[in-house]
Amino acid sequence: MSHLHRSLRRDAHLKHYGRLQYTLFLKGIGLNLEECLMFWRSSFHKVTDDQFNKEYRYNVRHAYGEVGGDSNRRGGGYSPYSCQKILTEHPPGPGEAHGCPYRHFNMENLTALVQAMGVSDRSVLQGIKEDRDKQKFHMACNRVFEHIHKAEIKKAKDESVMTSNQLETIVHPNEYFKRSYLLKNLGKDGDVKMED
1 MSHLHRSLRR DAHLKHYGRL QYTLFLKGIG LNLEECLMFW RSSFHKVTDD QFNKEYRYNV
61 RHAYGEVGGD SNRRGGGYSP YSCQKILTEH PPGPGEAHGC PYRHFNMENL TALVQAMGVS
121 DRSVLQGIKE DRDKQKFHMA CNRVFEHIHK AEIKKAKDES VMTSNQLETI VHPNEYFKRS
181 YLLKNLGKDG DVKMED
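For what it's worth, the UniProt record's numbering labels the leading residue of the sequence shown as 1, then goes sequentially.
Since the hints were made in silico from the structure, they are not lab data.
For each residue, glycine too, the CB sits at the ideal point set by N, CA and C.
Be a bit skeptical, because a hint or two may be false.
As the list claims (entries may be wrong) - Taking lysine to aspartate or glutamate pairs in the DMTMM-like style, the calculated list, with each CA pair at most 20 Å apart, reads: (1) Lys178 - Glu146; (2) Lys155 - Glu168; (3) Lys54 - Glu34; (4) Lys54 - Glu66; (5) Lys136 - Glu175; (6) Lys15 - Asp49; (7) Lys129 - Glu146; (8) Lys188 - Glu159; (9) Lys184 - Glu159; (10) Lys184 - Glu168; (11) Lys178 - Glu152; (12) Lys178 - Glu35; (13) Lys150 - Asp131; (14) Lys157 - Glu168; (15) Lys15 - Glu96.
To be verified - What follows is a list of derived Cβ distance ranges for each label pair: (16) Lys188 - Asn106: 36 to 42 Å; (17) Asp158 - Ser71: 44 to 50 Å; (18) Asn106 - Ser180: 21 to 27 Å; (19) Glu66 - Gln126: 42 to 48 Å; (20) Ser164 - Glu130: 21 to 27 Å; (21) Lys46 - His90: 22 to 28 Å; (22) Asn165 - Gln126: 24 to 30 Å; (23) Gly187 - Lys54: 44 to 50 Å; (24) Glu66 - Ser2: 25 to 31 Å; (25) Ser79 - Lys188: 27 to 33 Å; (26) Lys54 - Tyr181: 31 to 37 Å; (27) Gly118 - Ser71: 38 to 44 Å; (28) Lys157 - Ser2: 21 to 27 Å; (29) Asp158 - Ser79: 32 to 38 Å.
Generate coordinates for the entire structure from the input sequences, incorporating the hints supplied.
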């Protein structure tokens, strides 16, 4: 999601599958439809209101289940994509930013991305390369997560705020976000806790 967000900020646009993947992620972290529409409208600042309403608004509403066939509306729209779905469906083409960087980027671009995220440790970078070469994309992603959140994970374990089970391998972008948010906010709010 970090790459999608950076691409969106840089280009003020994402192509269809990037918008869909990111919209469903935003839905999964709790944005309601109106908040999501406001997010996309402000992000697509290079297009007019009329163009946004004609070309993009419907797809966001459809993802949330507000429009579309009866089964889509009854089901509340689409669910956020899991890592497995992102890895196996709709690989990105030229000019597209969706997908999983650990699978779809070449090693040079992946290294640049994780370095921009704060990973510079050579052994971690080597581990990411080895995981990627073995097609263990989720392991590479978790390796980055654990490196970035090393101090917070130690604190969570030491203070028994999170159990080992709650710190298992992440296999969903929304879980990555949730766990990252909780770890970054440890001790800042008495009621921030990890739920099973």
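Against the structure, the hints:
A threshold of 20 Å between alpha carbons decides the hint, and for Lys178 with Glu146 the separation of about 14 Å falls inside it, so the pair holds. Between the alpha carbons of Lys155 and Glu168 the distance comes to roughly 16 Å, so the proposed pair stays at or under 20 Å and holds. About 16 Å separates the Cα atoms of Lys54 and Glu34, which keeps this hinted pair within 20 Å; it holds. Taking the CA atoms of Lys54 and Glu66, the gap is near 16 Å; set against the 20 Å cutoff, the hint holds.
Of the supplied pair hints, the one linking Lys136 and Glu175 holds, its CA atoms being roughly 18 Å apart against a limit of 20 Å. With a C-alpha separation of about 18 Å, the suggested pairing of Lys15 with Asp49 holds against the 20 Å cut-off. For the given pair, Lys129 sits about 16 Å from Glu146 by alpha-carbon distance, which is consistent with the 20 Å threshold. Between the alpha carbons of Lys188 and Glu159 the distance comes to roughly 14 Å, so the proposed pair stays at or under 20 Å and holds.
Taken as a hint, the Lys184 and Glu159 pair is honoured in the structure, with Cα atoms around 14 Å apart against an allowance of 20 Å. Under the criterion of a C-alpha separation no larger than 20 Å, the hint pairing Lys184 with Glu168 is consistent with the structure, at around 17 Å. Between the alpha carbons of Lys178 and Glu152 the distance comes to roughly 14 Å, so the proposed pair stays at or under 20 Å and holds. This hinted pair checks out: Lys178 and Glu35 have alpha carbons roughly 18 Å apart, not beyond 20 Å.
Under the criterion of a C-alpha separation no larger than 20 Å, the hint pairing Lys150 with Asp131 is consistent with the structure, at around 19 Å. Distance check on the hinted pair: Lys157 and Glu168 sit about 12 Å apart at the alpha-carbon level, within 20 Å; holds. The suggested pairing of Lys15 with Glu96 holds, with an alpha-carbon distance near 6 Å, which does not exceed 20 Å. With their beta carbons about 38 Å apart, Lys188 and Asn106 fall inside the hinted range of 36 to 42 Å.
Look at Asp158 against Ser71: about 48 Å separates their beta carbons, and that is inside 44 to 50 Å. Checking the proposed 21 to 27 Å range against Asn106 and Ser180 shows it holds: the Cβ atoms sit about 26 Å from each other. Distance hint for Glu66 and Gln126: a CB-CB separation of about 47 Å, consistent with the stated range 42 to 48 Å. Distance hint for Ser164 and Glu130: a CB-CB separation of about 24 Å, consistent with the stated range 21 to 27 Å.
Taking the beta carbon of each, Lys46 and His90 are about 25 Å apart, inside 22 to 28 Å as hinted. As the Cβ distance of Asn165 to Gln126 is approximately 28 Å, the hint placing it in 24 to 30 Å holds. Separation of Gly187 from Lys54 is about 47 Å and conforms to the stated range, judged on CB atoms against 44 to 50 Å. Range check, Glu66 to Ser2: Cβ separation about 28 Å, and the 25 to 31 Å hint holds.
The given range of 27 to 33 Å is respected by Ser79 and Lys188, whose C-beta atoms sit roughly 30 Å from each other. For the pair Lys54 and Tyr181, the beta carbons lie near 35 Å from each other, so the given range of 31 to 37 Å is met. Between Gly118 and Ser71 the Cβ separation comes to about 43 Å, which falls inside the hinted range of 38 to 44 Å. Range check, Lys157 to Ser2: Cβ separation about 25 Å, and the 21 to 27 Å hint holds.
Evaluation of the 32 to 38 Å hint for Asp158 and Ser79 yields a pass: the beta carbon distance comes to about 35 Å.
Checked against the numbered hints given earlier, this structure breaks none of them.
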